[in-house]
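Peer 1: Here is how the chains run, residue by residue.
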Amino acid sequence: MANKGKTIKVLLSRGDNSNSALKEYEVPAKESQTVLDVVTWIQRNLEPDLSYRFACRVGMCGSCAMTVNGKPRWTCRTHVSKVMDGDTITIEPLRNMPIIKDLACDLNEFFEKWTKAKGHFVPTKTRDDSVQIISPKEKSRREANAGIECINCGVCYASCDVVENDASYLGPAALNRAWTLVNDVRDGGRIERLKAVTGDGGCQSCHSQQGCTTYCPNTLNPTRSIAGLKKAAAIATLKGEM
Amino acid sequence: MIKTHRNQPLWYAYILHRVSGIALALFLPAHFYILSLALNEPESLDSMLHWAEQPIVKFAEFGLVFLLAVHLFGGLRLLALEFLPWKPGQKTFAAVAVAIAFFVALAFLLRAI
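Note that the protein sequences, when read in sequence, are chains A and B. Sequential numbering from 1 applies to the first sequence in full-length UniProt numbering. Sequential numbering from 1 applies to the second sequence in full-length UniProt numbering.
Since the hints were made in silico from the structure, they are not lab data. Heads up, some of the hints might be wrong.
[Said to hold, decoys possible] Incomplete in silico selection of chain B near chain A, CB under 8 angstroms:
no. : residue
1   : T4
2   : H5
3   : W86
The beta carbon of each residue, even a glycine, is placed where N, CA and C say it ideally should be.
Chain A extracted, bound-state conformation (with noise of 0.2 angstroms):
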């Protein structure tokens, strides 16, 4: 084992939003480590009250998601030599978000706009309708298709800076999704939809900054849904229909 006896530097972020700073740690290096062992390590030998949140640990839950070194990213699936800065590592909770404590955030805001954005499906037939056949080639399913992958790990909302400044954005995330729904041939919400998401807080406060596309782990392009949102609402306007 070419790491044995290694260690790495992990600065790590431990108080709540009052009072919040960095403390060092030594962990011990080892081969295809993540970001979360690492924090895993940390509370297992050293720190039992650390807070922090993780499920799935393969990329599936969305839950680990942290700031490494100044970037959100999804911690379960990020390996420490990959990002390390030195020999150092420094994690914090994710940004615009409020503090719990340490590394957990109160997602709530978070899944607030995505209701705010009507991004729940509304239905056109019963349970006595036969199944509506969708080809995977029509246009509108492979639009849906490129954002329905999201995860909800909240780094896209972390690296925006529009949802810094702005308390009422609704954000990358749910954007997103309101995008995949107004593609959604069977959804009979597409109007309503696009009004919850034009206006104060809605698709045209985006910057096109793509901090968002960067960043996402799942290689998601919410700009590009938030971009199809802004024409969409416009020719819906053109049109008189909102």
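Fit chain B to the supplied structure of chain A, relying on the hints for placement.
Peer 2: Below, chain B alone, put in the same frame as chain A:
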């Protein structure tokens, strides 16, 4: 200080568009004021134009033309992003906008000197 998460090309394209827009908004009132001198104070305008012949002012004008061009081509990039079908290679488009603006400004400078 530029925060680490902002250290990506399209954030720089954004800030360049913002700063160039603000700089042009500050420049335009002065520009119109000086043009208006032609109506009431032609002597003042002449002395201003004479002053503007200095090399340092010509170089400042190069910067001004760059800001104008980069705001124009950056704005076209943003309009294309929002209203045309999405194209991959957004970083390349931003780089091309800056490159064209630089050549436009350089062409202006070469004519001016």
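Peer 1: Work down the list of hints and note, for each, if the structure agrees.
Peer 2: Status of the hints after comparison with the structure:
1. T4: This hint holds: T4/B lies near chain A, its Cβ roughly 3 angstroms from the closest one there, short of 8 angstroms.
2. H5: Holds - the Cβ of H5/B comes within 8 angstroms of chain A, reaching about 5 angstroms at its closest.
3. W86: Result: holds, 5 angstroms to nearest chain A Cβ.
Of the hints listed earlier, there is not a single one the structure fails to meet.
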